[in-house]
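A.B. asks: Start from the sequences and build out the full structure, keeping to the hints where you can.
2 protein chains.
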Amino acid sequence: MSAGVTFASLPPPPYYAVIFSSLRTPGDQGYEQMAARMVELAAQQPGFLGVESARSEDGFGITVSYWRSEEDIAAWRQHAEHRMAQEGGRTRWYEHFELRVARVERAWGRRRVEGRLPDA
Amino acid sequence: MSAGVTFASLPPPPYYAVIFSSLRTPGDQGYEQMAARMVELAAQQPGFLGVESARSEDGFGITVSYWRSEEDIAAWRQHAEHRMAQEGGRTRWYEHFELRVARVERAWGRRRVEGRLPDA
Numbered sequence: 000m001s002a003g004v005t006f007a008s009l010p011p012p013p014y015y016a017v018i019f020s021s022l023r024t025p026g027d028q029g030y031e032q033m034a035a036r037m038v039e040l041a042a043q044q045p046g047f048l049g050v051e052s053a054r055s056e057d058g059f060g061i062t063v064s065y066w067r068s069e070e071d072i073a074a075w076r077q078h079a080e081h082r083m084a085q086e087g088g089r090t091r092w093y094e095h096f097e098l099r100v101a102r103v104e105r106a107w108g109r110r111r112v113e114g115r116l117p118d119a
Numbered sequence: 000m001s002a003g004v005t006f007a008s009l010p011p012p013p014y015y016a017v018i019f020s021s022l023r024t025p026g027d028q029g030y031e032q033m034a035a036r037m038v039e040l041a042a043q044q045p046g047f048l049g050v051e052s053a054r055s056e057d058g059f060g061i062t063v064s065y066w067r068s069e070e071d072i073a074a075w076r077q078h079a080e081h082r083m084a085q086e087g088g089r090t091r092w093y094e095h096f097e098l099r100v101a102r103v104e105r106a107w108g109r110r111r112v113e114g115r116l117p118d119a
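Top line first, the protein sequences correspond to chains A and B. For the first sequence, counting from 1, position 97 maps to 96 in numbering that gives the first Met the number 0; every step adds exactly one. For the second sequence, counting from 1, position 25 maps to 24 in numbering that gives the first Met the number 0; every step adds exactly one.
One or more hints might be untrue.
Pair by pair, the computed Cβ-Cβ distance ranges are [unchecked claim]: (1) B:S68 - A:A35: 36 to 42 Å; (2) B:Q28 - A:R110: 16 to 22 Å; (3) B:E69 - A:P45: 27 to 33 Å.
It should be emphasised that the hints constitute simulated quantities derived from the structure, not laboratory data. Note that the structure is a prediction, hence the values are computed from the model and not measured. The C-beta atom is built at its ideal place from N, Cα and C for all residues, glycine as well.
C.D. replies: In structure tokens:
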């Protein structure tokens, strides 16, 4: 799931993160279209805060989606179209995945200004 | 920070995750060597549990390191050689980064067996 360079713009913590690590099977097999659709659909769900995603050329990727609450995550997991995508993940798209649900306690960031990132 | 396809092998939750999202500046500038060294060094720190990393061709990457406790994370942040790398990040390697510290509450995964991932 990658639609270009995108940092999620999030409210102050606490909030929840779903850390999804995966290794793709070879070939697209409809994956990119499904992934784009899932990002579009997730963004419409209650409590969705943002998503960030990267995938290396070797097929290993990490997608982190951010949510207001664990209840919002549970509802997204049960969404009918998302469940169809999960089934595609099991049968076609993923060789292996690991999923971790975490509560974000602290967050900070830096963006380059005049040739360097500001000090902490 | 990518050393090939690697899933972290972690104990049951709870544990802590440092979710580091970054956009690289153009060119290597010593980055890959530093990144490999930081993974090597982190792995020697008390409370280090594992790390997973992916970077897309567009330069956007996510590295998630896993730790036993917030105190272990704080100690790693203050490690002298790691602080030197952080300074390199500010001056040379990163255009922008976001860092989030989270407590992992639940985790599960699936690995392909006989052509599909087992059902949940």
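A.B. asks: Indicate, hint by hint, whether the structure satisfies it.
C.D. replies: Hints versus structure:
| no. | hint | result |
| --- | --- | --- |
| 1 | B:S68 - A:A35: 36 to 42 Å | holds (38 Å) |
| 2 | B:Q28 - A:R110: 16 to 22 Å | holds (19 Å) |
| 3 | B:E69 - A:P45: 27 to 33 Å | holds (30 Å) |
The structure is consistent with each of the numbered hints, conforming to all of them.
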